[in-house]
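Asks: Sequence:
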Amino acid sequence: MQFMTARHSRHELDWRRFLPFTLLSHRLEGFTVLAPGKRVDLVHSSNRIPLGVQKYILSFEDSAPRRFGFAQDNLLTRYMDDCIGSHRCRRLVAMSYFARRRFLHQHRDNPMLPALQDKLTVRYPNIILRDAPDPLRDDPCTELVLTFVGAHFARKGGCVAVKIAEKAKAAGLPIRVNVISPLEMGAAIWTDPEREGFYDEYKDLLTLDNVDYSARLPNDVMRGKLRQSHFCVLTTFADSFGFSGIEAMAEHTPVLGTRVCALPEVVQDDVNGILIDMPVDSLGMWVRPADTPRSSPAYEGYFRSEVDRIAQGAIERLAPLVGDGETVQAMRRAARATAEARFDSHTASQYWDALYAEVADEDLASVPRRREPLLPDPAPLKRSEFGGSFAYSFDSQQH
Numbered sequence: 208m209q210f211m212t213a214r215h216s217r218h219e220l221d222w223r224r225f226l227p228f229t230l231l232s233h234r235l236e237g238f239t240v241l242a243p244g245k246r247v248d249l250v251h252s253s254n255r256i257p258l259g260v261q262k263y264i265l266s267f268e269d270s271a272p273r274r275f276g277f278a279q280d281n282l283l284t285r286y287m288d289d290c291i292g293s294h295r296c297r298r299l300v301a302m303s304y305f306a307r308r309r310f311l312h313q314h315r316d317n318p319m320l321p322a323l324q325d326k327l328t329v330r331y332p333n334i335i336l337r338d339a340p341d342p343l344r345d346d347p348c349t350e351l352v353l354t355f356v357g358a359h360f361a362r363k364g365g366c367v368a369v370k371i372a373e374k375a376k377a378a379g380l381p382i383r384v385n386v387i388s389p390l391e392m393g394a395a396i397w398t399d400p401e402r403e404g405f406y407d408e409y410k411d412l413l414t415l416d417n418v419d420y421s422a423r424l425p426n427d428v429m430r431g432k433l434r435q436s437h438f439c440v441l442t443t444f445a446d447s448f449g450f451s452g453i454e455a456m457a458e459h460t461p462v463l464g465t466r467v468c469a470l471p472e473v474v475q476d477d478v479n480g481i482l483i484d485m486p487v488d489s490l491g492m493w494v495r496p497a498d499t500p501r502s503s504p505a506y507e508g509y510f511r512s513e514v515d516r517i518a519q520g521a522i523e524r525l526a527p528l529v530g531d532g533e534t535v536q537a538m539r540r541a542a543r544a545t546a547e548a549r550f551d552s553h554t555a556s557q558y559w560d561a562l563y564a565e566v567a568d569e570d571l572a573s574v575p576r577r578r579e580p581l582l583p584d585p586a587p588l589k590r591s592e593f594g595g596s597f598a599y600s601f602d603s604q605q606h
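Start counting at 1 in the sequence shown, then tack on 207, and there's your number in our numbering.
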């Protein structure tokens, strides 16, 4: 939630616990009930509709309302749609343009779509930026260090990360990989092959001498690992945004990622990172074999081949950067510039504080409308060449 609110607010923010209906069923993730507390002017909820609240803002990562597990409309999904269409829901804030595309596609047949669009806006996550120089600004890059961070090991690209280490070792490339993950994978995660034994070959690679594995680290220690890395590995199959990527950019570290979901909005290939192509649909979501159960050998074979393909593509992109400190330093400067332009917590706090004040002053009977135009999807990040060195310009997020 902190990624999508004012970290330096002038208002009083009352953080509330909520009832996790997902403990009853994963289908019930779209709504919640908040713990009681003092009187508030409005509620800002992330992903879950706060039931019983008079006035609220709903920010979301991918779709809203969440209806995971419901293939067809039913009384519950229609009730949740009515909730976000009511005047009590004052704003809908998508975390990315990818999330906005998913939302508009989700509601393409909803007769309330015009009213929902009137509430809809986009705001990227934010992060605290340390005022510190890049510790690798003079590094010759004779050895590349990569760091993968993610609880969902397979979905977020951990299998790819250890395959990169294996391929680098076989090719004699000086590449070292940090892996920080509790190794959650398998049947409970919607992208993963279900059979537990499938992952043994990847878990075995965690013992390679060019792999450093940690199950968990405190956030400041984890960010220190990213700070001392040449790339953050986020070779994800599906991700609402990928917070490790913006944490890395805040530490001057470019992202080695996949061209899927929201990543292409903030990572430009060869500018502030490296992107490996993925088969995606018109919304930017990973396309996997149709009608192939995740428990089947066919799905396992496809997933394994994709892991190998992405890892091989990464090796081919990384190999020329060994010893090329100038190119890597340019990427690192661009990564930090991206974080400053798009994810700075102070700029975001000004946005959220102004929105909170605006919504708090609105009459509940009034039609909720955003004040800014609904802009098109952003153009790619721009790079201009000046006198043999690169200068990067990023459109600041004003919407």
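There's no promise every hint is true.
[Unchecked claim] When the alpha-carbon atoms are kept at most 25 Å apart in a straight line, the in silico DMTMM-like pairs for lysine to aspartate or glutamate are as follows:
| hint | residue 1 | residue 2 |
| --- | --- | --- |
| 1 | Lys410 | Glu523 |
| 2 | Lys245 | Asp570 |
| 3 | Lys374 | Asp515 |
[As the list claims (entries may be wrong)] For each label pair, taking beta carbons as the anchor points, the in silico distance ranges come out as:
| hint | residue 1 | residue 2 | range |
| --- | --- | --- | --- |
| 4 | His294 | Leu231 | 26 to 36 Å |
| 5 | Pro425 | Trp222 | 16 to 26 Å |
| 6 | Ser421 | Glu350 | 15 to 25 Å |
| 7 | Ala378 | Gly431 | 26 to 36 Å |
| 8 | Gly431 | Asp280 | 29 to 39 Å |
| 9 | Leu230 | Lys410 | 23 to 33 Å |
| 10 | Asp221 | Asp515 | 44 to 54 Å |
It should be emphasised that the hints constitute simulated quantities derived from the structure, not laboratory data.
For each residue, glycine too, the CB sits at the ideal point set by N, CA and C.
Asks: Take the hints in turn and mark each one as holding or not.
Replies: Structure-based check of each hint:
Distance hint between lysine 410 and glutamate 523 is fulfilled; the C-alpha atoms sit about 23 Å from each other, no more than 25 Å. Using a Cα cut-off of 25 Å, the hinted pair lysine 245 and aspartate 570 holds, with the two alpha carbons roughly 21 Å apart. For a cut-off of 25 Å, the pair hint linking lysine 374 to aspartate 515 stands: about 9 Å separates their Cα positions. Hint check: histidine 294 to leucine 231, Cβ distance near 29 Å, so the stated range 26 to 36 Å holds.
Range check, proline 425 to tryptophan 222: Cβ separation about 20 Å, and the 16 to 26 Å hint holds. A beta carbon spacing of about 19 Å between serine 421 and glutamate 350 agrees with the range 15 to 25 Å that was offered as a hint. The hint said 26 to 36 Å for the Cβ distance between alanine 378 and glycine 431, and at roughly 29 Å that hint holds. Against the hinted window of 29 to 39 Å, the Cβ-Cβ separation of glycine 431 and aspartate 280 comes to about 48 Å, which falls outside the hint.
With their beta carbons about 28 Å apart, leucine 230 and lysine 410 fall inside the hinted range of 23 to 33 Å. Range check, aspartate 221 to aspartate 515: about 49 Å between beta-carbon atoms, so the 44 to 54 Å window is met.
The earlier numbered hint that this structure contradicts is number 8, and it is the only one.
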